[in-house]
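Q: Residues per chain are reported as follows:
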Amino acid sequence: MKPVSRIGSAGLTVYFWLFVLFLFAPLVVLLIFSVNSSPTPTLPLSGFSTHWFHEAFSNTVLTNALVRSVFIALVAAVIATALGIMASLGLMALRGRSLSLALTVLLLPLVVPYICLAVGLLILVEVLGSGPSLIAVVLGHCVIVLPFAILVIMPRLRSLDPAMNEAALDLGASSFAALRLITLPLLAPALVSSGIICFVTSFDEFAIASFLAPSGQPTYPVFLYASARTPALLPEVIAVGALIIAGSLLLVVLAEGGRRWAERRLVGLTASPEAVMSAAVSDQQAVPVAMVND
Amino acid sequence: MMRRRSGKGALVLPPLLFVVALLGVPVVFIALFSVGLRSNIPGTPVAFSLSNWSNFLTGGGGAFRSRFVYSMEVTLAVSVLTTLAAYPLAYFLSFVARHRRYALLLLLLAPFFTSYLLRVIAWQIILNNNGVANSLLWDLHLRPQGVAVSWLIYSTFSVALVLFYTWIPFVSLPIFVVLENMDHRLQEAAADLGASRMETFWRVTLPLSLPGVIAGFVFVLIPTTGEFITPLLVGGPNNQLFGNSIQAFFSATPDWNYGSVLAIALIVVVVVLTLVFGRFIQTDLRAEARAEQ
Amino acid sequence: MTAWVLDRRRFLASGAAALGGAVLLDACGSPSASHSTSPAKRPPIGKESGRLSILEWPGYEAHGTKAQTNGLLAGKHYTDKFGTSGITYTYITNDDQALEKATASGPFDLMHPCHENLPDYVSRGLVQPFDTKLIPSFSQLNPFLAKKGQINGKQYMIPWDWGYGSLTYRTDHVSAADATGWELAWNKKYSGKISLWGGASTNFEIAALKLGFPNMDNLTGSQLNAAKAALLTQKPLNKLYWDNEYTQLQPDLKSGTTWIGYSWQDTLVTLSGENVPVAFLNPSQGRLSWLCGFMLGANTKNYYHCHDYVESFINHAACAQMTNSYYYGTSNATVKPSEIKNQTLVKALKLGDPTAIAASNVHLQSWSPNRKALELAWQEVVAA
Chain A
1 MKPVSRIGSA GLTVYFWLFV LFLFAPLVVL LIFSVNSSPT PTLPLSGFST
51 HWFHEAFSNT VLTNALVRSV FIALVAAVIA TALGIMASLG LMALRGRSLS
101 LALTVLLLPL VVPYICLAVG LLILVEVLGS GPSLIAVVLG HCVIVLPFAI
151 LVIMPRLRSL DPAMNEAALD LGASSFAALR LITLPLLAPA LVSSGIICFV
201 TSFDEFAIAS FLAPSGQPTY PVFLYASART PALLPEVIAV GALIIAGSLL
251 LVVLAEGGRR WAERRLVGLT ASPEAVMSAA VSDQQAVPVA MVND
Chain B
1 MMRRRSGKGA LVLPPLLFVV ALLGVPVVFI ALFSVGLRSN IPGTPVAFSL
51 SNWSNFLTGG GGAFRSRFVY SMEVTLAVSV LTTLAAYPLA YFLSFVARHR
101 RYALLLLLLA PFFTSYLLRV IAWQIILNNN GVANSLLWDL HLRPQGVAVS
151 WLIYSTFSVA LVLFYTWIPF VSLPIFVVLE NMDHRLQEAA ADLGASRMET
201 FWRVTLPLSL PGVIAGFVFV LIPTTGEFIT PLLVGGPNNQ LFGNSIQAFF
251 SATPDWNYGS VLAIALIVVV VVLTLVFGRF IQTDLRAEAR AEQ
Chain C
1 MTAWVLDRRR FLASGAAALG GAVLLDACGS PSASHSTSPA KRPPIGKESG
51 RLSILEWPGY EAHGTKAQTN GLLAGKHYTD KFGTSGITYT YITNDDQALE
101 KATASGPFDL MHPCHENLPD YVSRGLVQPF DTKLIPSFSQ LNPFLAKKGQ
151 INGKQYMIPW DWGYGSLTYR TDHVSAADAT GWELAWNKKY SGKISLWGGA
201 STNFEIAALK LGFPNMDNLT GSQLNAAKAA LLTQKPLNKL YWDNEYTQLQ
251 PDLKSGTTWI GYSWQDTLVT LSGENVPVAF LNPSQGRLSW LCGFMLGANT
301 KNYYHCHDYV ESFINHAACA QMTNSYYYGT SNATVKPSEI KNQTLVKALK
351 LGDPTAIAAS NVHLQSWSPN RKALELAWQE VVAA
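These protein sequence lines map, in sequence, to chains A, B and C.
With the first letter of the first sequence counted as 1, position 111 gets the number 111 in the numbering used here; the numbers rise by one all the way through.
With the first letter of the second sequence counted as 1, position 26 gets the number 26 in the numbering used here; the numbers rise by one all the way through.
With the first letter of the third sequence counted as 1, position 294 gets the number 294 in the numbering used here; the numbers rise by one all the way through.
Simulated from the structure, these hints should not be mistaken for lab results.
It should be emphasised that the depicted structure is a prediction, and the values quoted were computed from it without experimental measurement.
Treat the hints with care, as some may be off.
What the hints assert, rightly or not - Ranges of calculated distance between the beta carbons of each label pair, as one might list FRET restraints:
hint	chain 1	residue 1	chain 2	residue 2	range
1	C	342	A	232	21 to 29 Å
2	A	231	B	149	15 to 23 Å
3	A	231	C	225	33 to 41 Å
4	B	199	A	251	40 to 48 Å
5	A	18	B	238	29 to 37 Å
6	C	131	A	64	44 to 52 Å
7	C	178	B	149	28 to 36 Å
8	A	64	C	70	21 to 29 Å
9	C	255	A	21	29 to 37 Å
10	A	48	B	73	40 to 48 Å
11	A	231	C	131	39 to 47 Å
12	B	149	C	225	37 to 45 Å
13	B	149	A	67	39 to 47 Å
14	B	10	A	78	17 to 25 Å
For each residue, glycine too, the CB sits at the ideal point set by N, CA and C.
Bound conformation, chain A alone (with noise of 0.2 Å):
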């Protein structure tokens, strides 16, 4: 007998393709309205015009600010994940008390509610004298996702087979050589995740940068806020947050078909195929890992 009943089955797929409608309509809206030549988004539509993409383009403030947060979130996202790999490395050679400690410190910042972290980073670089700066947004944002590097980088590693870095060291090479030829390429699909998730995560982060950001250099966040509550700005942010949806929507599907790439690519060298479906299943959970089966 299967699990759910025909009815069962109808019902929740009827529930299930509603949800995805709610879940996307307020996406469709925004796509919608970036191309209408009102600037009041409302009904009825009142025409097809592409000019608010050429109004948000030529405001030098919104390009800068989007710069900007590109520029930070590249460099937290190389940081993090760099952090990432050397944490995962350190946290495999431990084991019972200093594993949990170093775990749970690791994890800390998933904890901390944002804007306690906020108000903290703009204390402590009020205290270290140097006021609000990009450097501190850009440090700001790595110690909130390092957890999800470690989370993404961690079950990868756990699920190579330790006999191909041995066999490396065995034949001669240098720890830092087997790390850099043999373990680094085979973690690929997760540092590619890892850094997509830090950067996707810096971008849109709004409460560190709401605090620490200089004035006069926003991120694309904290513009974004500022332009939210101004209605002359709104259908500029409605053209260029279309851009981004679709470019993020594009970047989403794109890294799972590139995963699953990799997978295939490298599935005959991992420990077995039972290690690699953890892994693939791992690697679509950032967070939760840590909470569940493993």
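The hints should help you fit chains B and C onto chain A, whose structure is shown.
A: Here is chains B and C on its own, set in the frame of chain A:
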């Protein structure tokens, strides 16, 4: 299989120090501010004082206490509703959509990976007084032209709806994972033993999926306690949450000492919640970990 | 993999590590009062970067800058000479927030706060005195106003604009019998149609005036509590505490969403110009009055550019045009009342005589010694 290299454990130190420096130290400073041992106003004499704490906990800070209670009510309601609504989604993916479940999971998660601020702004556009929802009602002549539904925006409803919307894809994830990892032969066994579908669900599937359900609940509970962005955009003056008070004390009407009291209180609450709910999930994990070690 | 084993012992252990780090930091870092750039070290104007970061009210951006929305002439001489791309504005929503921004998010080259905050800016080391010899039009300024910008004989603030604060109300919705005084904002008849400003000190001053306290800027503990209680009873009648008069207050008054709003006199002028029937209340207790001006950042690296910028705002032409736009008073005494278009308004607002802000029937917003208690009380009102 204990073939680990010793000494590699030291690699964990740089990231560890990084977190201590950029998270631990700031939190300690917040604590120092909350007891008056530091001040953001140059030239102010500093002295240990619990006056701000007593004001918040028992004294005249009643307004903040009631805002805290309101915040927790909204948070709990949103968390419960989100978890309840997410379960059937996860169940569908795991039991109904067998072959395409990963693709459909991705479909469900995709909006979660787009910008949070943009999604909140999109809802503002939909719910606004002359926004998509109201103008649709006007165009369909379901409401007189220009008369907006007042509770759609700047209300508890709008704040709760946006939070619910934001978190539901993420909450369905751990439930899905648990349902996936569940040995489906258990359900077959229950059926073989004569249980009906409903019985199987209530007595086998649901209890076994509880760790995932609790995980999902915690995933929405913890971040939402500190939420302040959504109320700023779609909440009215009476729907601001506790996080908004903290933000105000560090920007609008600055009193870093009092704001720090609120911040520490929030951190304590979140840590307590984590410890409480962590124990539910811990027992399963400890057994797993021991088996592996 | 064991994860999330948050044991009390381990948590305290990581806390101890953080505490150790913090104590170390505390010993090392401490903010010291900033020193002004001494004349010997000041680079000549040609060597200054010319990139100004200015803390300013919306609507006061220099002429020609992209940010400018309201067509002020002020600043034209500066932007003609130095261009517009070097100026960045950070916006003020109210005076308390401005002081916080200046302290935590600075340093700014120029700031435009109001004179009741002057002692705080000086005591926190945020500003340095101007060299009035570098500002040609300074000699044209009204001496009464100029004196108000001095502390210990040093010119910390160059006054620019002055005016009143009161309730602007729709005459077609609010009956004249109700428009007697500040208590109009507490009138239950207009519940949901009132919009006070988000400025903490101002709202406490209003409450103090309504309650009849003698010194609105120096409230005793019990007076503060009484004012807070009054604001708490007003809050349910309030639609929202506005932050930006151009995007919130004025459109709301125009559309009839709001009938009564706290504002300065520019709102009266702008809305009357759009044929909206409004009046600027003259309360029995007296209006609020204010005086604002420019302050020079203590650590500015654009000393000479800043002086030029201020000069471009306080010269005769700029001041005359500002008064004709916003109907705020100006500090430049060479601007004669006859140069202003609406003579009725000039007389009603006494625009020709800056000493009007200190008259006995208005209340000049001044420095408050218990700012901190006031701000805490305000947050309690907001949270209620």
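Q: Next step is simple, just say for each hint if it's right about the structure.
A: Results for each hint:
{"no.": "1", "hint": "C:342 to A:232: 21 to 29 Å", "in the structure": "holds, 28 Å"}
{"no.": "2", "hint": "A:231 to B:149: 15 to 23 Å", "in the structure": "holds, 20 Å"}
{"no.": "3", "hint": "A:231 to C:225: 33 to 41 Å", "in the structure": "holds, 39 Å"}
{"no.": "4", "hint": "B:199 to A:251: 40 to 48 Å", "in the structure": "holds, 44 Å"}
{"no.": "5", "hint": "A:18 to B:238: 29 to 37 Å", "in the structure": "holds, 31 Å"}
{"no.": "6", "hint": "C:131 to A:64: 44 to 52 Å", "in the structure": "violated, 34 Å"}
{"no.": "7", "hint": "C:178 to B:149: 28 to 36 Å", "in the structure": "holds, 30 Å"}
{"no.": "8", "hint": "A:64 to C:70: 21 to 29 Å", "in the structure": "holds, 24 Å"}
{"no.": "9", "hint": "C:255 to A:21: 29 to 37 Å", "in the structure": "holds, 34 Å"}
{"no.": "10", "hint": "A:48 to B:73: 40 to 48 Å", "in the structure": "holds, 45 Å"}
{"no.": "11", "hint": "A:231 to C:131: 39 to 47 Å", "in the structure": "holds, 42 Å"}
{"no.": "12", "hint": "B:149 to C:225: 37 to 45 Å", "in the structure": "holds, 39 Å"}
{"no.": "13", "hint": "B:149 to A:67: 39 to 47 Å", "in the structure": "holds, 40 Å"}
{"no.": "14", "hint": "B:10 to A:78: 17 to 25 Å", "in the structure": "holds, 22 Å"}
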